[in-house]
Amino acid sequence: MKNLYLPITVDHIARVEGKGGVEIVVGDDGVKEVKLNIIEGPRFFEAITIGKKLDEALAVYPRICSFCSAAHKLTAVEAAEKAVGFEVREEIQALREVLYIGDMIESHALHLYLLVLPDYMGYSNPLKMLDKYKKEINIALDLKNLGSWMMDELGARAIHQENVVMGGFGKLPDKTTLEKMKKRLQEALPLAEYTFELFSKLEQYEEVEGPIIHMAVRPRGDVYGIYGDAISVSDGFEFPSEGYKKHMVERVVEHSFAKHSFYNGEKPFMTGAISRVVNHADKLYGRAKELYESHKDLLRPTNPFANNLAQALELVYFMERGIDLIDEALAKWPIRPRDEVDVKDGFGVSTTEAPRGILVYALEVKDGRVAYADIITPTAFNLAMMEVHVRMMAEKHYNDDPERLKLLAEMVVRAYDPCISCSVHVARL
Amino acid sequence: MEGKVRIGFYALTSCYGCQLRFAMMDEILQLLPNAEIVCWYMLDRDSSEDEPVDIAFIEGSVSTEEEVELVKKIRENAKIVVAVGACATQGGVQSWEKDKSLEELWKAVYGDGKVKFEPKMAEPLENYIKVDYRIYGCPPEKKDFIYAIGTFLVGSWPEDIDYPVCLECRLKGNTCILIEKGEPCLGPITRAGCDARCPSYGIACIGCRGAIGYDVAWFDSLARTFKEKGLTKEEILERMKIFNAHNPKLEEMVDKVFQFQGVKE
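Chains as they are written, first to last, in this note's numbering: chain W, 1 to 429; chain Z, 1 to 265.
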């Protein structure tokens with residue numbers, strides 16, 4: 001007689017953005033099935049914005065996700081500007097990147113300290129860590145406050161930044177505020193380094209060790225960064241952003257409101273901080289470069305848990321980068337915040353690096369309205385690879401206490417820093 | 001209330017921005033001696049929707065059949081239910097195209113693909129359960145949370161805001177975006193409380209805090225101004241519906257402007 005197995009399920013993965021679950025089905029011969037169930041409702045963002053006025057659609061897109069609303073806003077606005085044939089001035093581009101860095105700092109700090117660290121320290125909730133890890137919680141709050149303050153100043157608000165518009169910004173902070181921002185970034189650098197040191201000591205589970213295809217946006221100007229017009233693959237291939245549909249192929253899967261993506265239609269792949277580091281570490285500079293060189297063995301391309309440490313490395317990097325970009329903008333002071341944009345018909349693709357990986361916006365504009373929209377988010381790109389890694393973990397631990405297996409499976413998912421709300425906005429076929 | 005106040009934070013379909021806004025408040029730490037957070041999936045693995053709570057904060061719109069059941073369960077387990085943010089109070093931006101059929105939207109996005117969950121068009125909480133209090137905004141302001149929790153903790157009720165963003169904007173001395181710049185600012189019909197955040201940056205209000213309640217949102221009057229500036233009825237409705245798609249007065253009041261030309265044209 002066959003044994004009777006019940007699926008091991010986490011109905012609702014905690015400490016991630018959005019609602020998703022894990023289901024692991026075990027049979028006589030081991031793990032039969034692993035599914036990441038995305039249970040957040042569908043949100044139809046592309047469909048609801050088609051036919052709408054461009055500026056109104058641009059106000060709505062960031063609402064796909066709060067954790068990376070600046071990423072969505074800036075990528076959507078760039079896609080729209082490309083579509084109508086407009087390019088912002090260098091100093092505006094620099095300040096947009098500073099805003100993006102604010103998002104990066106806040107998102108990474110929240111993820112590392114409040115979502116990831118409790119698992120390692122044996123807590124269900126970061127607030128319960130206060131007695132023993134007050135210092136860590138305070139660092140988390142300081143870093144998070146810095147990131148959200150940067151977004152408040154440059155975006156008008158830390159979540160859903162209405163101040164970013166086609167042609168530039170509605171209004172810019174004054175010079176003293178930017179100087180203060182630079183100073184606060186300098187002061188926060190030791191906190192970022194402490195974070196890197198802390199995360200370099202945490203276990204990266206060898207159960208999930210194996211080859212991974214990494215994809216990342218090739219940064220403009222050959223300096224490690226956020227904006228770029230081509231996608232690099234860790235196998236050496238590179239393609240222009242416009243070709244994303246050909247090489248990052250999406251499919252609907254029945255257990256999820258979010259689609260899965262495959263490299264050249266076949267292979268799951270990963271995107272995120274570790275993928276950026278794997279593909280573009282040669283473009284790092286400053287203290288981050290030193291830290292990378294001395295910790296290469298931990299920042300390896302074969303383990304999804306390395307994504308946590310890669311985020312910590314980026315905290316260091318983006319603080320230094322932010323300081324340089326503010327200097328660039330200050331050198332051109334006073335800056336006119338906004339240029340007139342002539343909204344012509346056209347099509348534009350923008351690819352940027354959101355905190356959790358490649359974000360694609362493709363927009364077609366006709367008569368001032370959105371004629372076509374395709375948005376693909378990092379979590380949607382990562383889902384297929386995430387399932388592979390949860391399976392690897394399950395195959396090693398399916399005989400363990402189910403509670404232990406559940407925790408390990410959740411930890412794999414959390415290492416990817418998924419943004420589930422993002423993934424269910426869902427793209428047109 | 002005796003002992004610690006039991007709080008739950010729940011999410012339906014949303015961007016998680018209201019929870020993030022809440023989580024970004026350092027003031028939560030000051031709250032901990034007086035309150036116990038019983039359910040909050042975004043931060044706590046030990047969360048459960050089955051636990052009884054004194055105050056349930058719910059963000060997100062009801063967007064699947066499963067969420068209909070969930071929201072009823074939360075209501076049963078809670079003394080006070082607070083709808084938080086534009087999705088929970090107004091259906092959210094995902095309601096913008098509420099008049100298109102679900103099938104049409106589904107087909108545009110998923111093609112013939114099927115998933116095993118039951119989707120539905122996004123709706124605000126009050127279409128399914130009794131809501132005791134609302135915190136508005138996309139996302140809400142920090143002070144909205146502090147004010148609401150503070151008043152609950154002293155056993156009182158927070159007051160609603162019944163005046164428009166315009167009032168706060170004028171007090172700040174901003175140039176009027178609608179009258180002086182001719183942009184379609186929704187400040188005159190939108191509930192205040194954001195300190196005219198967007199207009200202060202030179203950006204026209206898109207109405208994220210929703211239309212002012214108590215039937216004092218004069219959609220018709222603003223529609224008339226928009227019409228004079230050359231906007232069509234469809235353009236006016238589109239803009240007003242970004243955050244007000246479920247408002248029962250909206251279409252009727254805008255219709256009036258286009259059907260009845262008035263004595264003086």
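These aren't lab readings, by the way, just hints derived from the structure by calculation.
Where hints are given, some of them may not hold.
Claimed, not checked - Some residues of chain Z that are not near chain W, with every Cβ distance over 10 Å (derived):
| hint | residue |
| --- | --- |
| 1 | Asp54 |
| 2 | Ala108 |
| 3 | Glu126 |
| 4 | Cys208 |
| 5 | Lys249 |
Claimed, not checked - Each pair of labels, with its calculated beta carbon distance range:
| hint | chain 1 | residue 1 | chain 2 | residue 2 | range |
| --- | --- | --- | --- | --- | --- |
| 6 | W | Asp28 | Z | Thr151 | 40 to 48 Å |
| 7 | Z | Glu51 | W | Pro7 | 22 to 30 Å |
| 8 | W | Phe347 | Z | Lys107 | 20 to 28 Å |
| 9 | W | Trp333 | Z | Thr175 | 18 to 26 Å |
| 10 | Z | Ser221 | W | Gly85 | 36 to 44 Å |
| 11 | Z | Glu51 | W | Asp28 | 35 to 43 Å |
| 12 | Z | Thr175 | W | Met121 | 47 to 55 Å |
| 13 | W | Gly368 | Z | Arg170 | 25 to 33 Å |
| 14 | Z | Glu183 | W | Pro7 | 48 to 56 Å |
| 15 | W | Met121 | Z | Lys143 | 28 to 36 Å |
| 16 | Z | Ser221 | W | Thr176 | 37 to 45 Å |
| 17 | Z | Trp157 | W | Lys32 | 50 to 58 Å |
| 18 | Z | Leu29 | W | Tyr194 | 16 to 24 Å |
To be verified - Under the rule of at most 20 Å between Cα atoms (straight-line distance), these lysine to aspartate or glutamate pairs were calculated in the DMTMM-like manner:
| hint | chain 1 | residue 1 | chain 2 | residue 2 |
| --- | --- | --- | --- | --- |
| 19 | Z | Lys181 | W | Asp339 |
| 20 | W | Lys283 | W | Glu320 |
| 21 | W | Lys396 | W | Asp55 |
| 22 | W | Lys245 | W | Glu266 |
| 23 | W | Lys132 | Z | Glu118 |
| 24 | Z | Lys130 | Z | Asp54 |
| 25 | Z | Lys142 | W | Asp142 |
| 26 | W | Lys32 | W | Glu395 |
| 27 | W | Lys128 | Z | Glu27 |
| 28 | W | Lys171 | Z | Glu180 |
| 29 | Z | Lys181 | W | Asp342 |
| 30 | W | Lys396 | W | Glu23 |
| 31 | Z | Lys79 | Z | Glu118 |
| 32 | W | Lys406 | Z | Glu49 |
| 33 | Z | Lys227 | Z | Glu180 |
| 34 | W | Lys53 | Z | Glu234 |
| 35 | Z | Lys233 | W | Glu56 |
| 36 | W | Lys128 | Z | Asp26 |
| 37 | W | Lys35 | Z | Glu180 |
| 38 | W | Lys135 | Z | Asp50 |
| 39 | W | Lys135 | W | Glu187 |
| 40 | W | Lys171 | Z | Glu118 |
Where is the CB? At the ideal position from N, CA and C, for every residue including glycine.
Do the hints match the structure? See the list:
Every C-beta of chain W lies more than 10 Å from that of Z/Asp54, the closest at about 18 Å, which supports listing it as non-interface. For Z/Ala108, the requirement that its beta carbon stay farther than 10 Å from each beta carbon of chain W is not met, with the minimum near 4 Å. Distance to chain W confirms Z/Glu126 as a non-interface residue, since its nearest Cβ pair spans about 18 Å, more than 10 Å. The beta carbon of Z/Cys208 sits about 7 Å from the closest Cβ of chain W, which is not more than 10 Å, so the claim that it is off the interface is violated.
Annotated as non-interface, Z/Lys249 keeps its C-beta farther than 10 Å from every C-beta of chain W; the closest such distance is 21 Å. Distance hint check: the CB atoms of W/Asp28 and Z/Thr151 are about 59 Å apart, inconsistent with the given range 40 to 48 Å. Against the hinted window of 22 to 30 Å, the Cβ-Cβ separation of Z/Glu51 and W/Pro7 comes to about 24 Å, which satisfies the hint. A C-beta distance of roughly 22 Å is found between W/Phe347 and Z/Lys107, which places it inside the suggested range of 20 to 28 Å.
Distance hint check: the CB atoms of W/Trp333 and Z/Thr175 are about 24 Å apart, consistent with the given range 18 to 26 Å. Distance hint check: the CB atoms of Z/Ser221 and W/Gly85 are about 39 Å apart, consistent with the given range 36 to 44 Å. Evaluation of the 35 to 43 Å hint for Z/Glu51 and W/Asp28 yields a pass: the beta carbon distance comes to about 37 Å. Restraint check, Z/Thr175 to W/Met121: a C-beta distance of roughly 52 Å satisfies the suggested window 47 to 55 Å.
Between W/Gly368 and Z/Arg170 the C-beta distance comes to about 30 Å, which sits within the given range of 25 to 33 Å. For the pair Z/Glu183 and W/Pro7, the supplied restraint of 48 to 56 Å holds, since their beta-carbon distance comes to about 54 Å. Checked against the hint of 28 to 36 Å, the C-beta distance between W/Met121 and Z/Lys143 comes to roughly 32 Å, which is consistent with it. Hint check: Z/Ser221 to W/Thr176, Cβ distance near 41 Å, so the stated range 37 to 45 Å holds.
In this structure, Z/Trp157 and W/Lys32 meet the distance hint of 50 to 58 Å, their C-beta atoms being roughly 53 Å apart. Between Z/Leu29 and W/Tyr194 the beta carbons are some 20 Å apart, a value that agrees with the proposed interval 16 to 24 Å. Among the hinted pairs, Z/Lys181 with W/Asp339 is consistent with the structure: their alpha-carbon atoms are about 16 Å apart, no more than 20 Å. At most 20 Å may separate the alpha-carbon atoms for a hinted pair to count; W/Lys283 and W/Glu320 meet this at roughly 14 Å.
Between the alpha carbons of W/Lys396 and W/Asp55 the distance comes to roughly 51 Å, so the proposed pair goes past 20 Å and is violated. Distance restraint check for W/Lys245 and W/Glu266: the Cα-Cα separation of roughly 13 Å lies within the 20 Å cut-off, and the hinted pair is therefore satisfied. Between W/Lys132 and Z/Glu118, the direct Cα distance comes to roughly 44 Å. Violation of the 20 Å bound is thereby established for this hinted pair. Proximity of Z/Lys130 to Z/Asp54 is assessed by CA-CA distance (about 15 Å); at most 20 Å being required, the pair is judged to hold.
Of the supplied pair hints, the one linking Z/Lys142 and W/Asp142 holds, its CA atoms being roughly 17 Å apart against a limit of 20 Å. Simply put, W/Lys32 and W/Glu395 have alpha-carbon atoms about 9 Å apart, close enough for the 20 Å limit, and the pair holds. This hinted pair checks out: W/Lys128 and Z/Glu27 have alpha carbons roughly 15 Å apart, not beyond 20 Å. A C-alpha spacing of about 17 Å is found between W/Lys171 and Z/Glu180, which places the hinted pair at or below 20 Å, so the restraint holds.
The hinted pair formed by Z/Lys181 and W/Asp342 meets the criterion: a straight-line CA distance of about 18 Å does not exceed 20 Å. Under the criterion of a C-alpha separation no larger than 20 Å, the hint pairing W/Lys396 with W/Glu23 is consistent with the structure, at around 16 Å. This hinted pair does not check out: Z/Lys79 and Z/Glu118 have alpha carbons roughly 29 Å apart, beyond 20 Å. In summary, the hint linking W/Lys406 to Z/Glu49 is supported, as the alpha carbons are separated by about 19 Å, within the 20 Å threshold.
Proposed proximity of Z/Lys227 and Z/Glu180 is supported: the alpha carbons are some 16 Å apart, at most 20 Å. Restraint check: the Cα-Cα separation between W/Lys53 and Z/Glu234 comes to about 11 Å, which is no more than 20 Å; the hinted pair holds. About 16 Å separates the Cα atoms of Z/Lys233 and W/Glu56, which keeps this hinted pair within 20 Å; it holds. At roughly 15 Å between alpha-carbon atoms, W/Lys128 and Z/Asp26 fall within 20 Å of each other, so this suggested pair holds.
Restraint check for W/Lys35 and Z/Glu180: the C-alpha separation of about 56 Å exceeds 20 Å, so the hint is violated. About 33 Å separates the Cα atoms of W/Lys135 and Z/Asp50, which puts this hinted pair outside 20 Å; it is violated. Distance check on the hinted pair: W/Lys135 and W/Glu187 sit about 16 Å apart at the alpha-carbon level, within 20 Å; holds. About 44 Å separates the Cα atoms of W/Lys171 and Z/Glu118, which puts this hinted pair outside 20 Å; it is violated.
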